[in-house]
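Engineer: Chain by chain, the residues:
Protein chains: 2
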Amino acid sequence: MRIWIFSLIISQSLLAAKIELPWSALPKTPPIPKDNPQTPEKVYLGRQLYMDPRLSKDGTVSCNSCHNVMASGGDNRAFSAGVGGKLGGRSAPTVWNSAFHTVQFWDGRAASLEDQAKGPLTNPIEMAMDSHQAVVDRISKIPGYVSQFKRVFGDKGVTIDGVAKAIAAYERTLITPNSPFDRYVKGDKKAMSPQAVRGMNTVIEVGCVSCHTGKNFNAADDLAMGEGNYQKFPTFTDNEYVTKYKFLEDKGRGAHTKSEDDNYFFRVPTWRNIALTAPYFSNGSVKTLDEAVRVMAKVQLNKELSANQVADIVEFLKALTGERPKQQMPELPPDPPGMTTIDG
Amino acid sequence: MRIWIFSLIISQSLLAAKIELPWSALPKTPPIPKDNPQTPEKVYLGRQLYMDPRLSKDGTVSCNSCHNVMASGGDNRAFSAGVGGKLGGRSAPTVWNSAFHTVQFWDGRAASLEDQAKGPLTNPIEMAMDSHQAVVDRISKIPGYVSQFKRVFGDKGVTIDGVAKAIAAYERTLITPNSPFDRYVKGDKKAMSPQAVRGMNTVIEVGCVSCHTGKNFNAADDLAMGEGNYQKFPTFTDNEYVTKYKFLEDKGRGAHTKSEDDNYFFRVPTWRNIALTAPYFSNGSVKTLDEAVRVMAKVQLNKELSANQVADIVEFLKALTGERPKQQMPELPPDPPGMTTIDG
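Chains A and B, in that order, give the protein sequences.
Heads up: take any position in the first sequence, counting from 1, add 17, and you land on our numbering.
Heads up: take any position in the second sequence, counting from 1, add 17, and you land on our numbering.
Don't take each hint at face value.
The list makes no distinction among identical chains, and a pair is therefore deemed to hold if it is satisfied within one copy or across any two copies.
Said to hold, decoys possible - Below, in silico cross-link-like pairs of lysine to aspartate or glutamate (EDC-like), each with a Cα-Cα straight-line distance of 16 Å or less:
#1 K249 with D279
#2 K304 with D75
#3 K232 with E58
#4 K304 with D360
#5 K103 with D75
#6 K203 with E37
#7 K261 with E308
Because the hints were derived from the structure by calculation, they are not lab data.
The structure presented is a predicted model; accordingly, all values stated were derived computationally and were not measured.
All chains, full assembly: derive it from the sequences and hints.
Structural biologist: See the structure below:
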C-alpha cells in the first residue's frame, strides 16, 4: 500500500513535469472533419489513389512519388520531379502527421488535406492532369474504382471531391507515434539520451519554442482547421546564410496572396521526423540537420550556437522520429482488360 | 465404393484431358537457383531495394516505377520513363511470373533475374547510376541496409551481387497463381466461360501454340535457365501492320548480339496477365489486346481472324489473369539522421 501511494506521488510529479514542457505526446489519431468520416473502405480507396500513378497525365507520378510512405513521407530531394522530370519550386513536405496541420503547403494555401490533395493533380509540373474533370474521367474508365467509389460515396460516384476525401482519409492514418520523445514525455525518462534531454532544454532556452510548440512542434494546437501559424522567414537577413542558401528568392505566402504583408511568411513546419527529411527548408538548400539548426538560430533568433549546443539539439530532434505504421500494399484496380488508360 | 470408382474414372479422364492441352497450371513457386536460396530476410531486403528510389541517381526511380507490383507488374506505357523523364526504347515487360522465364529482357540478354536486376541500375535512361560501385557506395551509406546485408550475406556485406540476389529472390515471390485458366486446367470446368474455352481451342487451331505453350505460355518448360526461346518477329512483313506499328525499327536480339542471324528475334513473351499489360509489343505500339491478337495472327501466321475468333481469343487471354500476392509495404531504412544520400 505504501509502495502504491509512493508510486502515485511519483507519477503525479512526472505529470506535473510533463505539463511544463511546451510540447505533448502525439495522439494516435488526428482530428477528423465531420463531413469526411473515416471508414476502412474509404481509407483503402485513398491508399490506392495515393499510390496510383494513373492519377498523373502520363502515368509516371503518384502522390507517393514525392511523399513516400515507405520512407520519410517526402522524397529527400530539394525539389520534387513531376511528369517528364519537371522540377517544382519548393521541397515536398513530409506527409507523416500532416493530418495535424491546420493548413497545408509551405504557404498554407490549402485549408485542409482535402484541399491540398486537389492541387498537385493539375499542377503542370507535378501530376499535370489537364483538369479535375480529366482526373474524374480517367478514374471513371477503371471499373474497380467505379464500383469502389459507389460503395464509399453512394450515388455521387466518382467526383473530384471524392478523390480528395479518400486521399485525405488515408493520410489521416499516416501518424507516427511512440518516438523516443513521446515515450519520454509519457514518463519513460530513459527513452531519450542525456544528450537529447540537454538538447531539449537548449531549444527552450535559446527560444526555438516561440514557434515550435505543441504536439506537432508547430504551435498549431490552439488553431482551428484552416487557420495557419505563419512566421516570417528569414527574420534576420544580415548574415551569410541568407545569401548562401538563397532565402530571399521565395516570397512564401506573399507569392500566393500577392499581399506585401505576407512576403516571406511561411507555415511553421513540424519538427517530427525531421531527422528523416533532409534536405531542409522550403528550397531544400541546406543538406544537413546540424547546418539547419545553425541556420535557424542565426536567421530567426540572431544567435550563434556552440558546436555542443548544435549537437545536443540535433540529438533531441532525432528523438522525434516516430514509428511508421505497418501497411499492406494496395492492389490497384486494373484498367479495362486489354487497354491502357494513360497516354505515354 | 462404386461411386468412388466412378469418380476415379472421371478424374482419370480429366487428367487425360489435361495432358492434351499444351499448357499447364502455374506452380506456386518458380525454380530457385542453388546459389541464391530464398530466405525471408533476403526476400524482405529485396522488396526494400525493389521499392527504393535511392537506387537511382536522383532518387526518383525505383524498380517498381516501371514494374509496378501494385498493378500490372509493368507501367502500362509504350516506353518507360527513367531519371529526368528520359524515355527507354522498349516497353517494360511485367515482373509477374518472370521468375519462370529462362532468359530476361525482350532480347534475352540476361541469363537470370540476378543478371537482369543489374542492368537498369546503370542504364543512363533508366536509373542512371554512374556505376555498380556507385550503387554499392550509396547503399553502404544507409546504416539499416548495411546491417541487413551483413545479416543476409555475412562478411561479404553490401555488394552488387548481393543487391541483385536480394532483388531476384524477391521477384521469385511475384507469382500469380489461380487464374481462371489454372482453375480450369486443374479440373474446375466452370472456371472459364464457354467463350474463353472457345478461344482456347481457337488459339490451338490457329497455330499460336507453335510458340505459346507450357506453364508460362512461352515454350520455355524444357529450357535450362539461361537458354532462350527466341522467335522471329515480324515473320510476315508484307502487311499494313508492320508499317503502321513500326515493327521493323527494332532488330531485337540482333541489336544486342550484332549478328545478322539474330535480327528481329525476340524472347517469346508470356501470355499470363496479358489483359493487364497494355499497350502491346516490344515498342508498345498497339494499344489494345484485340488489335494485338489480329496483329499476331497476320504478322506471325499470315492469317486473318474473324471478329468472333478475335473476341473468343481475347476472352481466353483474360482468363490468364492470376491472383496477385498480398504484400506488406516495406519500411525503407532511413538515410543517416539529418542527411540525404541522393543528389537532386
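Engineer: What hint numbers does the structure not satisfy?
Structural biologist: 3
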